[in-house]
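A.B. asks: Below are the chains, spelled out letter by letter.
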Amino acid sequence: MTDLHDSTVAELAARLALKEVSAVELARHFLQRAAAHDALGAYLSIDEEVTLQQARRADEALAAGGVGGVPALCGVPIAHKDIFVTRDFPTTAGSRMLEGYRSPFDATAVSNLAKAGVVTLGKLNCDEFAMGSSNENSAFRRVLNPWDHARIPGGSSGGSAVAVAARLAPAATGTDTGGSIRQPASFCGITGIKPTYGRASRYGMVAFASSLDQAGPMARTAEDCAMLLSALCGPDPDRDSTSLDVPAEDFTRSLSGSLEGLRIGIPREFFGEGLAADVRTAIDAALKEYEKLGAKLVGISLPRTELSIPVYYIIAPAEASSNLSRFDGVKFGHRAKQHGDLLDMYRKTRAEGFGDEVKRRIMIGTYVLSHGYYDAYYLQAQKVRRMIADDFQQAFRQCDVIAGPVAPTVAWKIGEKSADPVANYLADIFTLPGSLAGLPGMSVPCGFGEGGMPVGLQLMGNYFAEGRLLNVAHRFQQATDFHARKPQGMRAAP
Amino acid sequence: MTGKLIQGYEVVIGFETHTQLSTRSKIFSRSPTAFGAEPNTQASPVDLALPGTLPVMNRGAVERAIEFGLAVNARIAPRSIFARKNYFYPDLPKGYQISQYEIPVVQGGVVEFFLESGKGADVTREKKSVRLVRAHLEEDAGKSLHEDFVGRSGIDLNRAGTPLLEIVTEPDMRSSDEAVAYAKELHKIVTWIGICDGNMQEGSFRCDANVSVRKPGAPLGTRREIKNLNSFKFMQQAIDFEVRWQIEEIEDGRPIQQATVLFDPDTGETRAMRTKEDAADYRYFPDPDLPPLVVAPEWVEQVRSHMAELPRVMAARFVKDYALPEYDATTLTQSKAMAAYFEAAAKASGQPKMASNWIMGELSRRLNAGDIAIDAAPVGPDKLATLIGRIADGTISNNAARQVFDALWGAEGSEVDAIIEAQGLRQMNDTGALEKIIDEVIAANPDNVAQFKAGKDKAFNALIGQAMKASKGKANPTQVNDLLRRKLGQ
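Chains as they are written, first to last, in numbering that gives the first Met the number 0: chain A, 0 to 493; chain B, 0 to 489.
Think of the hints as simulated: they come from the structure by calculation, not from any bench.
Now the in silico label distances, taken between C-beta atoms and shown as ranges:
| id | chain 1 | residue 1 | chain 2 | residue 2 | range |
| --- | --- | --- | --- | --- | --- |
| 1 | A | Glu98 | B | Phe34 | 33 to 39 Å |
| 2 | B | Thr221 | A | Pro309 | 39 to 45 Å |
| 3 | A | Arg484 | B | Gly153 | 57 to 63 Å |
| 4 | A | Lys18 | B | Phe148 | 55 to 61 Å |
| 5 | B | Ser334 | A | Arg385 | 46 to 52 Å |
| 6 | B | Arg29 | A | Glu98 | 26 to 32 Å |
| 7 | B | Gly153 | A | Glu98 | 21 to 27 Å |
| 8 | A | Glu98 | B | Pro38 | 25 to 31 Å |
What you are looking at is a predicted structure, and each value in this text was computed from that prediction instead of being measured. Beta carbons are placed, not taken as given, at the ideal position from N, Cα and C, and that holds for glycine.
Construct the entire structure; sequences and hints are all you get.
C.D. replies: In structure tokens:
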């Protein structure tokens, strides 16, 4: 029998149902591992009592319900990105601004998963307000990539990716605005999916960019992602107006379909000069594997791929600058201790409470929405955004899914790009187009590059094609073992 | 449409009115909207802008906006957009207000009313219409409480998120009288259709007046906006003061600066709050949390089918069905209660014009004097109808009817016929008795008779007066007239 922490969510759910292991045992095991590997910086808050209480309740349900009569994920421990507000744990969004903040309600993603029976291990580190692609923007702790502690784990869901990769949690939630699930999943060698915009409720996600933010699961396998995503998604019309009226779906049912005749679109813009050779090699090998599985590769074009960077870095900061206005020291969160009049209170509170990257984006966003600049920046960006979405629709006439790299390189060294925000932004180039179009996207481990660092294959589907994407990922994982590899040193018992 | 000039200047006024919509819950949350609750007891996580909260549109607020649009013959936008108006203020929890900016739900429309000028017999009535630019949905802010907190301010977010419909006019008004008449008409419309309780003290109906002056034919002058006029009286005072002040400034060679001003009822003056230089850049942009508001034609029709008869439609019907003059019909449709009173009295008496005269005259005077609502009038429509019936059938004179009305007003439960009998107000319809009186009058006033025969009509009136006096007012004046003319050989 595999070690508990090497088991997948699917395996753990089965073992729980068969009473081979209890929810309390599992929770204890992962809490011990989290404590033992605290130096990775994955967790921001842990509350053993709360977790064990949830686990005891899960065990009671398991005892009472028997096989088949309990929710699918009953007793499976997971952890949440600290962007989701929770009643039982503090919520910081990785910011000093919300240090010590406790929400009076749970995010819909959190409550949906709780209904499916999960036990919460704690809250996971992330870039402040989900802004960043290296997790170096967390106000609290640096997060180390378990494959190489000198490297960044990716971001903004870096804590989530590390927790899963290092076996400190079987699975985690993440949020993806411009690649924040897919890129850290790629950098840490795990599987993650961002659903179609509107498929998962945004209620209870500390907002970064409202028109882009989506919740999604991060786990080791596509099958695990399918189980979690089935619980996570669903309409939430009374709490989120952008939540779509698409019924919840059991994505595990579509996992095993054949890939015979599948048309995989290969966007030539994703394979240009900017793509590192090591990543390209791994991606090419993965595509060959797909051909072996019966898929056909089709050359396609996403001509505005490069434009997605300026478009995203106008729209996301614009929305963020407004979304973050509520952090003003008046009602909740940080308030400057020493201040003069109201204006001074605002200034000092926000100067102290926000980190550099957040301030940078608030300033960019404020600028692009200002009178006289709005048309040239924001409005123009919205137009190009629609064109980018149209480009995808053109592409999906020729193919069923699109495949390419998640990021141009493997995870870089800590500090390597921290002095150069633009270099960070450019690294988002392959995840931004899908985000802007609101399409579902995945990262699937597909090999290793420079320094033995994991490489992720990005799969993108048309709206509501999550089931298809998970199927395409699952079949690949049936044929390969990249997703099962794990960082050195993580095998040792806690 | 040049109006009356003041010192050679034409006054130009446009209005922005915030009407609080009468929904039970807020525009984007499910918290109640009731007025006067303990601070912050009606504020949900959404109203407090807690992290992770999102707005969800209240359909009831949209329906009320549609009703208003239909009431003023406006276009209901099939697709309108909510935008964020960004600014920092402690009582604005999100740091932005959700409002409609570029594409509002109600577009165009017109408000029509009669403007009275002059007094008594010289009163003239002119029909006016003010064009509406738009009416848009938005949320209200909370309140900053500066009293009760030594050296600090309190914030009450009960009002935050209360649905408002902001109704914006073209600069079509040309005097403070016209502005007040517009505001009263608008107040009537929103309370009539029931989308707003109209309570001005509690801030349910707040007007901002944009005022400028110019020489006739000149381009529009620079305007100043008088904020938060919460009574019709202050509205008039504030605009009158503002107009005088602007004319003086211009006459003294000081150009008007665009500004927002407040009216101080204690001094009767307006004073500037902020000028254009400190105008904020609100960084409007479409709210990504709210999809476009789509109003399908079926929704509009559904709302229309549930709406009460609109005042202007009802007025047109009064003209058509009761042969009333347009002025009467408009006046009687000032409120639903008045219109209902009229219809009941008109139907019961079969004398719509007399009913209208009585309601607009004697009854209104009484109600105004006693500050009584028409549905609480001591004389109900049935009694008024009986009274009118007694005039119409010649039982009593108009003068006697007024006495009966007085008596009815003073003693609730009393009956028309009983009063007529008790006070002996029945007209003398007995021709014999009347002839006797007239004969006596002719005999007693030979001078008047002679003058009348010489062609002086005044002398005839004097004889009628004598006859009426001799009958103690009980004679039917028409009958007296007829008999007298006959006897004097006319």
